[in-house]
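Here the structure of chain B is known, so what remains is to put chain G in place on it, guided by the hints.
Protein chains: 2
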Amino acid sequence: MQKEMLNFDYYNPTHIIFGKNRLEELNQVIPQDKKVLILYGGGSVKRFGTLDKVKEVLKSREVGEFGGIEANPTYETLIKAIKLVKEENYDFLLAVGGGSVIDGTKFVAAGALFDGEPMDIFGSGIGEKRPITKALPFGTVLTLPATGSEMNSGGVITFVEKKAKLGFGSAYTYPVFSLLDPELTYTLPKRQLANGIMDAYVHVMEQYMTYPVGALLQDRYAESLLQTLIEIGPAVIEEDNHDYNTRATFMWSATNALNGTLSRGVPQDWASHSLGHEITALYGIDHARTLAIVLPSLLNVRRNEKHDKLVQYAERVWGITSGNDEEKIDAAILKTREFFESLGAGTRFSDYGLGEEVVDLLVDQLERHGLTNISERGDQTLEVSRQIYTNAL
Amino acid sequence: MQKEMLNFDYYNPTHIIFGKNRLEELNQVIPQDKKVLILYGGGSVKRFGTLDKVKEVLKSREVGEFGGIEANPTYETLIKAIKLVKEENYDFLLAVGGGSVIDGTKFVAAGALFDGEPMDIFGSGIGEKRPITKALPFGTVLTLPATGSEMNSGGVITFVEKKAKLGFGSAYTYPVFSLLDPELTYTLPKRQLANGIMDAYVHVMEQYMTYPVGALLQDRYAESLLQTLIEIGPAVIEEDNHDYNTRATFMWSATNALNGTLSRGVPQDWASHSLGHEITALYGIDHARTLAIVLPSLLNVRRNEKHDKLVQYAERVWGITSGNDEEKIDAAILKTREFFESLGAGTRFSDYGLGEEVVDLLVDQLERHGLTNISERGDQTLEVSRQIYTNAL
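Sequences listed follow chains B and G, in order.
Sequence positions in the first sequence follow my numbering and run 235 to 627.
Sequence positions in the second sequence follow my numbering and run 235 to 627.
This is chain B alone, in the form it adopts within the complex (with noise of 0.2 Å):
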């Protein structure tokens, strides 16, 4: 029986102001009489201009900063932020940065209101899991085109000492606004630029990849939304190449595949990101590129639960028209792995140097942060999880 679009609700308050010269509109959309704290990550906010800009067009105000946010953004760093926004009655934050910097924003806000221990948002062995009631407004001047972290409520945080990578969420941490301006991409690094758009890819393939419910539309939009990467990754990746549409076009791409437009109404898989987590958590390898390991090798594991969408993906997203169906995805999953080397990044664990000492270490963490029935279907059993580990080496 052909399966029913699921029921669902769309709701994302987020005001983008997207394009060039714009950042001087922050100090209308942040309203006057609040005092802002601006939180960002390492050195390249600074380094390249984007903070000194941020507090010249705010220099009319009381503003205060926080760096040093993680390219995986701790919890032992986030909850100095929360004691510093209590102490000094902070009442708006800003984030500056890429999606570290947002989701860090996102826990600060919400933690800095929670009632009780901001450790009890995350479940998982790590707190009680109790909602996010409440949390502080938030803006965010995006650098990095990657996570769509500036569209959407959620966020992931790294606990250290118990090595975790976990997510929150609510409906209260949607930013205020997010400014969008492509022109600031122009002094990422390839390996950041390569890093966005295999991290947007990933994203659709979460939301699309699962089995059909027959909503034609939601799939169609998803292979907008790769065909769009694959068309322009290349150019993306060219460090010099500061054509405005081609970053725009990525910069809104990235946003589009996690703001809710693709997964309306739609099972949603997400456990390429669950197994790319641990892998961050134990070894430290980029977000993106623990999902270019991970993605390949769970499509051919997978490959009977998602028969059917394999086959779309084939043959709408790559074109792939000949072959029998085995054959169709045999070459999709192909393409998908040349299409992530092609951007640089290796798609196998002995392209990092690591062996299969990892496959009972990142299991271990699996089941310890309860990922033991995981997929679309609930049906990605750790055993099945040990199978794409291994068969990703």
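Hints in this document: simulated from the structure, not taken from any laboratory.
Certain hints may be false.
The list cannot tell twin chains apart, which means a pair is met if one copy fits it or any two copies do.
Unchecked claim - Straight-line Cα separation of at most 30 Å, DSBU-like style, residue types lysine-lysine; simulated pairs:
hint : residue 1 : residue 2
1    : LYS424    : LYS237
2    : LYS237    : LYS254
3    : LYS287    : LYS237
4    : LYS254    : LYS543
5    : LYS368    : LYS269
6    : LYS289    : LYS314
Nothing here was measured: the structure is a model prediction, and the numbers come from that model.
The following block gives chain G in isolation, referenced to the frame of chain B:
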């Protein structure tokens, strides 16, 4: 020189509640302290029981009713609703119906709080055109997918005496929520189903069929929507075909055709709508059918200005790959015309018993309403509009 993607803002706070058996949730999403006025159109929401179901869900509250909003909602009727809202102090409006009822409700929401004469919300020789700065909150229960009004902030109002059909909009006239239950479309007659498909199709074309600005994702999204409407059109207009996914895809496609997803950063035309509105105002032909008359003719007359996108449309939406550019364009226009005709709509004035006598009268109307330099470049003069009307005889 390649044109650049335009700067844009995106803000759409409407909460979509989509799916089966969700009517009960109305009682949660309308704040308990509000005095609610339900607005509706003719008899169909009564005849098919939707109005009774809504009233049953809200039975614990103080609820009023205002019926009789026309298929092309008139100022003359809506001003009575505004009077009622003020006299009885209603502070939440609930539209139950299609785009006409929702457009009308938006105008009532804005008009009830407007400083001065609600007529002055409009320009074009009707009023002073002063901005909307506040509006009553309102929600919608959509029964007829077509206009997209359920997830945007605009509306179109008819002035009977002045034979005018004019638009308005503001940041204050987004629905707070819209409840979209595809099963509510099961009672619609074929004519309205066909109109909905065509209306949504032309909405997409107004945002897509201009000139390229390197907006690769927005182009593919628009093509996705056109392909989806072409794919489901034949099944949608089978009145008795109550396949849930077909109707769900129809409903969500019509919403997406005009909720801002497609128009970000790209030029827009809307000349088919301007020319069509005058036909409805003078001859009372259904809005969607006026678009079916105007669009194929407009594409033909404007084939040079829209050359690049017409070729892209031919290739990607209709799969036309043989012939030179002009032949592809001819074939795509013919396919478009045939699609509308397959839905039961005439695509020439003669199909509606009208002849060349209409042209002068329609052009006069355009002039009276200031529509003398329209389209994406503002270069569609009255003379060009005359050619388009003439080409559609």
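Now for the hints, and whether the structure bears them out:
In this assembly of identical chains, LYS424 and LYS237 lie within 30 Å of each other by CA distance solely across copies; the values are 26 Å between and 42 Å within a copy. In this homomeric assembly, LYS237 and LYS254 come within 30 Å of each other (Cα to Cα) only across copies, at 14 Å, whereas the closest approach inside a single copy is 44 Å. Proximity of LYS287 to LYS237 under the C-alpha cut-off of 30 Å is restricted to the inter-copy arrangement: shortest distance 27 Å between copies versus 52 Å within a copy. Proximity of LYS254 and LYS543 under a CA criterion of 30 Å is satisfied inter-copy only: 25 Å between copies versus 38 Å inside one chain copy.
In this homomeric assembly, LYS368 and LYS269 come within 30 Å of each other (Cα to Cα) both inside a single copy, at 18 Å, and across copies, at 27 Å. Taking identical chains as interchangeable, the C-alpha atoms of LYS289 and LYS314 lie at most 30 Å apart only when both belong to the same chain, with a minimum of 22 Å there against 52 Å between chains.
When held up to the earlier numbered hints, the structure conflicts with none and fits them all.
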